[in-house]
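Colleague: Chain residues, written in single-letter form:
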Amino acid sequence: MDIAKFKPATVYTTYIASTPERVWEALTSAEISKQYFFGNTVEIQQRVGGSYIVRQPDGSLHISGEVVACDPPRKLAFTFNVNWPDLIEKLGPTLVSYEIEPAGDAVRLTMTEWHDRPLSDDILEGGRQGWPAILSSLKSVLETGKPLQVKMGPPAKMLAALKELGIKVP
Amino acid sequence: MSKPEFVYVTYIETTPDKLWQALTSSEFSRAYWFGTELRSDWRVGSPFALVMGGTTSDVGEILEYDPPRRLSYTFQHVLKEEFRNERPTKVVFTLEPHGKLVKLTLTHEGFGGVPELLNAISNGWPAILSSLKSLLETGNALAIPLSALGTKGV
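Residue numbers (this note's numbering), protein chains in the order written: chain F, 1 to 170; chain A, 1001 to 1154.
Keep in mind the hints are simulated off the structure, nothing from the lab.
Glycine residues also receive a C-beta, built at the ideal position from the N, C-alpha and C atoms.
There are no misleading hints in this set.
Where chain A lies over chain F, by a calculated footprint (3+ residues, C-beta under 8 angstroms):
1. 15-27
2. 95-109
3. 129-138
4. 148-157
Sequences and hints are given; from them, build the entire structure.
Modeller: And the structure:
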């Protein structure tokens, strides 16, 4: 996989009243991620080449990837491939990076979703709807101790576009 | 219609009415918008201005005022030489109840050929709206200095 081929498709920035260390912990801890990531759990080996996994509440594998940059508490990047049959073959790999920077008494967290080929807005809608909900809830967890109850499924536009490409969606 | 150049979505644990008040009152905006006051009588067609420390930084016109659902105004920067002669851009806030939360969607469009202006507002809005969310959920806005935005502000 050639990282230089990837281009940013979606960027989401949020500012959080927290420390870079706590934001890093929230992004990498199974227990905390479960609160803000639609009940899913992030399991990550914090080293380049380590695994990045997101499990659904029933324990099944939802997303799997590999860590490509790991510089706590500043930068984390990993491949982020949804385990739907044929998805990676048809759309190519997805890369996600988090950048964490101090901003006054707050922390700026920038999530970027990268792809190695152009994808339609309908396909990208999954990330564009999901990330604001996930990261709004992460911010609430860190600032109030309580996650948000954001209920949403995959966007219909995206499911229709995937189906059209012959990708079986759950 | 072309796609808006900037879209930002956040979910806030509050009510549409409280969020509407925060978007239209200087009492709130001073706290979350780098000390900025919002000046308008909020009637469609009325003038709108952002005033920071007594100095007007942006002016515009109210396009839509439909509480607590949709607010829209034009926006023209008047301070910085490089931006002051550009055409006004358009801001739209959409508030939608989402379970016990409110989904806030901001779109900002009409930048034409001025990527520097789009870049400045792309740096500004996430900080302003993150601070607004903190203020409504915790009672405290964020202490983000303008210098930390990587731009000279919007």
